[in-house]
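Enquirer: Read off the chains here:
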Amino acid sequence: MKKHKLLLVGDEKPLAKALMLKLNDSDFIVDYVDNGTEAYNSIQKNKYDLVLLDLVLPGMNGFTVLEKASKNKNPNAILVFSNLSQEEDIQKVMSMGAIGYLIKSDTSLNELITYINNYLGKK
Amino acid sequence: MNKSQDYLLLLLHQLKTPLTGNKWFLELMLDKDYSVLTAKQKEIINDLAFNNDLMMTLVKDMLTLVNFEKNQGTKLHLEEVDLREVIKAEVTKVTLMLKKKELRINYIGFDKPAILKIDRLKIGLAIQNVINNAIKYSKEDTEIRIEIKQAKDSITLEIQDSGIGIPKSEAPNIFGKFYRSSNAIKNETEGSGLGLYLTRKIVLMHKGDIWFESRENFGTIFYIKFNLH
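So the sequences go chain by chain: A and F. Using this note's numbering, the letters of the first sequence map in sequence onto residues 1 to 123. Using this note's numbering, the letters of the second sequence map in sequence onto residues 1 to 229.
Derived by calculation from the structure, the hints in this document are not laboratory data. For clarity, every value in this text was computed on a predicted model and none was experimentally measured. Check each hint, because a few of them may be wrong.
Short, incomplete list of chain A residues facing chain F, as computed with Cβ under 10 Å [said to hold, decoys possible]:
1) Glu12
2) Asp27
3) Gln44
4) Asp49
5) Gly97
6) Asn110
Don't be surprised by glycine CBs; every beta carbon is placed ideally from N, CA and C.
All chains, please: the whole structure from these sequences, using the hints.
Expert: Now the structure itself:
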């Protein structure tokens with residue numbers, strides 16, 4: 001069976017390490033970038049099954065990545081995965097076309113895998 | 001703008017990163033696909049994870065409180081909302097928590113609109129704290145009653161759980177900053193003691209009223225009353 005391809009965007013290396021371990025072991029192929037500029041370039045060049053996007057990033061932040069992707073009608077589905085938890089941030093990214101918003105500190109690794117599998121199962 | 005509040009907000013937000021890392025690595029440690037542990041080791045890792053969750057709860061609650069106090073200088077953003085929508089939005093956020101403990105929500109009085117002029121975000125937060133407490137202290141496979149009672153001059157929200165209850169002697173302190181009742185601590189549930197403090201503050205800002213009735217080991221009912229005039 002074909003493996004699903006994900007893009008993981010986040011500059012917190014220890015968190016990225018745990019995520020990569022779990023995602024790879026859950027049968028996903030994962031590209032990883034640690035800044036917004038590379039994230040935007042990656043989604044312009046590639047079609048992923050899902051993008052996991054942090055918001056606080058060096059250089060171009062996640063809000064800007066999302067905004068540009070939306071403006072240019074980028075076909076990649078973007079799930080925001082961040083530790084920002086203010087209601088205003090959630091509403092902002094949902095209005096910019098994110099398919100969902102998960103708060104890292106509220107989400108276990110298993111819950112993340114379940115969420116991604118459920119999303120991909122629906123496609 | 002208060003500089004020390006901003007530094008505190010920055011620090012609290014930064015703390016979430018290593019705490020999240022701990023949470024995930026501890027989860028991997030407890031996963032048999034990543035490590036094989038003795039029963040004693042598992043117990044120790046579980047205790048580590050519990051303490052990490054405690055720290056996380058404290059950081060998150062402090063963030064909420066500092067954000068709230070920082071923004072309190074601005075007026076309430078009042079708008080006409082249907083209280084039912086605010087409640088349902090908060091319940092949606094805790095769907096996973098409800099599922100984990102097999103808790104059911106019984107909505108009563110939701111058959112007609114309950115229109116209020118309130119700050120939707122702040123009241124949402126106030127209700128979220130009460131619902132979170134109801135879930136946290138509820139026994140598994142029980143019901144949480146959420147009822148809206150409408151009178152000529154007021155709308156009262158009641159949130160009832162079948163949980164551990166609050167000892168009578170501690171009732172006067174329950175809305176205090178950082179206060180946690182002795183049976184909450186005894187039951188080892190996480191909590192920072194900030195949630196109800198903030199809820200009461202928000203309700204009073206709306207010139208409303210908040211009180212509760214409780215019986216140890218039977219449960220608690222929280223009442224939030226909004227005056228219509």
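Enquirer: How about aspartate 27 of chain A: closest beta carbon in chain F under 10 Å, or not?
Expert: Hint on aspartate 27 of chain A: violated, closest Cβ of chain F at ~13 Å, above 10 Å.
Enquirer: Have a go at the glutamate 12 of chain A hint: is there a Cβ in chain F nearer than 10 Å to its own Cβ?
Expert: At 5 Å from the nearest chain F Cβ, glutamate 12 of chain A passes the 10 Å test, so the hint holds.
Enquirer: So, glutamine 44 of chain A near chain F? Judge it on the closest CB pair being under 10 Å.
Expert: Since the shortest Cβ distance to chain F is 28 Å, the answer is violated.
Enquirer: Would the hint on asparagine 110 of chain A stand, with a C-beta cut-off of 10 Å toward chain F?
Expert: 7 Å, holds
Enquirer: If you take the shortest Cβ to Cβ gap from aspartate 49 of chain A to chain F, is it below 10 Å?
Expert: At about 22 Å, which exceeds the 10 Å cut-off, the nearest Cβ of chain F leaves the hint on aspartate 49 of chain A violated.
Enquirer: Take the shortest C-beta to C-beta distance between glycine 97 of chain A and chain F; is it under 10 Å?
Expert: For glycine 97 of chain A, the interface hint is violated, since the closest Cβ of chain F sits about 20 Å away, which is over 10 Å.
The structure is inconsistent with the numbered hints 2, 3, 4 and 5, although it conforms to all the rest.
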